[in-house]
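With these hints in hand, go ahead and build the complete structure from the sequences.
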Amino acid sequence: MPSLRHSELGQRINSNKLELALLSVLCLTAFFAAAWVSQSVFDRVPHTEDESAFLFQAQTIASGKVVAAEPERPEFFSIPFIILRDGMWFGKYPLGFPLVLALGVLTGHPWLTNATLAALCVLAIYLLSRKLYGHVTAMFAAVMLVASPFFLLQAGSMLSHIASLFWTLLFLVLFPLARRQRGVALSLATGAAIGMLFISRPLTAVGIAIPYVVWSLLTIARQRRMNRSYVIMASGALPFFAIFLAYNALTTGSAIHTAYELWWPFDRLGFGADIGVNGHDLDDGIRNTRVNSNALATFLFGWPGRLSMAPAIITVILSLITLLGRLYRRKGTRSTIPPHSDTSPESWDLILASVVLSLVAIHILYWTPGQMYGPRYYMEAIGPLVILSARGFMQIGATVAVMLMKLAPKVRYPIVTGHASMLVLLVVLSVYAFTQTVPGRFDEFREWNGINGDGVAIVEVAQIDNALVFIARSSWVDYAPFFAQNVPTLDSAVVYASDRGPQQNRVLMDLYPGREFYRYEDGRLVRLDPQR
-10 MPSLRHSELG QRINSNKLEL ALLSVLCLTA FFAAAWVSQS VFDRVPHTED ESAFLFQAQT
50 IASGKVVAAE PERPEFFSIP FIILRDGMWF GKYPLGFPLV LALGVLTGHP WLTNATLAAL
110 CVLAIYLLSR KLYGHVTAMF AAVMLVASPF FLLQAGSMLS HIASLFWTLL FLVLFPLARR
170 QRGVALSLAT GAAIGMLFIS RPLTAVGIAI PYVVWSLLTI ARQRRMNRSY VIMASGALPF
230 FAIFLAYNAL TTGSAIHTAY ELWWPFDRLG FGADIGVNGH DLDDGIRNTR VNSNALATFL
290 FGWPGRLSMA PAIITVILSL ITLLGRLYRR KGTRSTIPPH SDTSPESWDL ILASVVLSLV
350 AIHILYWTPG QMYGPRYYME AIGPLVILSA RGFMQIGATV AVMLMKLAPK VRYPIVTGHA
410 SMLVLLVVLS VYAFTQTVPG RFDEFREWNG INGDGVAIVE VAQIDNALVF IARSSWVDYA
470 PFFAQNVPTL DSAVVYASDR GPQQNRVLMD LYPGREFYRY EDGRLVRLDP QR
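For the sequence shown, this note's numbering gives the first residue as -10, with consecutive numbering after it.
No lab work stands behind these hints: they were computed from the structure. Careful, some of the hints might be misleading.
[Claimed, not checked] Below, in silico cross-link-like pairs of lysine to aspartate or glutamate (EDC-like), each with a Cα-Cα straight-line distance of 20 Å or less:
hint, residue 1, residue 2
1, Lys120, Asp32
2, Lys54, Asp480
3, Lys54, Asp75
See the structure below:
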């Protein structure tokens, strides 16, 4: 008997080692794939106004400031979504993602920030899936996340959605643990996770939180007493809400108005003629939802047609049927859906589905579909969607196993065979995605907005130092990759400014005595005579 126990223990240890090794490989794959996208697709430079503003805010925070000081001649350094107000210079976004991106700035590699977060997202989705559904589903979910072109494209960018996905997954991991164990540290961490999500993407945080708030209120109503964990979670989130209000007050003069409205007064939530470029109503919101949902259905995994959503839909339908059947059998007894503890897998399926639906529904209030590197406003929903998709594969695999037991009873390991068949199917679909869908879609975003890193590389090869470089620009996109190389104090070894013509340029030159001066246009870096 002791030898048998030792054998079982050894098998379990070996199994855990294999699982850890596979998970490590998946995390590293996510990191290097995202880094490749950042290098190969995006040239490691911002391609959108959003990314330029995020990076500027991160550089400001990395320098130890919340906002930068207005430059003496700001017209030489203008970029959309970066605002001048009352002597301050700042991006229009909340502080959450810039705080995280600042860590990348401090290392000198901001373009790897999202790649690192992508690896952490793989770990988080594994932990969440394992807690809710077990090891096999967890590994399947991790594989499917790494195989998502939408995930990898966002992870190669400098947008905020991968960080927000990480905070979302962390909240989803911690909430059931804090709710059941009622530990102060767990509850505070849960609140902090949703708090960081709120100061990164406020509307997204509200959409993610709504199902859990409803669940908590139903639990309180059923038990007729307050769960202490909920109070502590709220306490953990409150400091972040206070930071959000304080930053608004600093930058806009009003705690309840964001800097979005400083740039575009119409950039607000809701319906009305004064919201959005041309007004916004419910029909517009539904139209935006249709556009983003169609994009998600094709780009989530990149499978043929709209197959990307099929496994998740199968899971939700089967779970609804199962739970309705249980309710029917329990008719006349007290329902426990969702129960206080030991929530069934099917109940978790519906909770995760409600998170997706809540996030989709709340974005009806926003006036633009916001498509950028995919349906990005739904990015934070892909955690639940990927898990539900993995569940769908497992349920189909279980059906295959049952059929094998009935039709081919000589098959020795029907359950393993069922799971293996699903893995083969996933590999086939992923091969299709990365040979048919991904090349075209990724090429679509190379030199997005006409931006690339070629000009920056040309200047770097010239190895100039203590210089001021004027960039010929017909629009902000000509200047954007160069602006990203500046620091907010505009005192780096090479400072890049917009070319505003010889007469105005002379004014800026006088502010940089002792420097060499250059002009860059169309791949040519020409030295300027400071005396002319």
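Hint check results:
1. Restraint check for Lys120 and Asp32: not satisfied, since their Cα atoms lie roughly 38 Å apart, outside the 20 Å limit.
2. Distance hint between Lys54 and Asp480 is fulfilled; the C-alpha atoms sit about 15 Å from each other, no more than 20 Å.
3. Distance hint between Lys54 and Asp75 is fulfilled; the C-alpha atoms sit about 16 Å from each other, no more than 20 Å.
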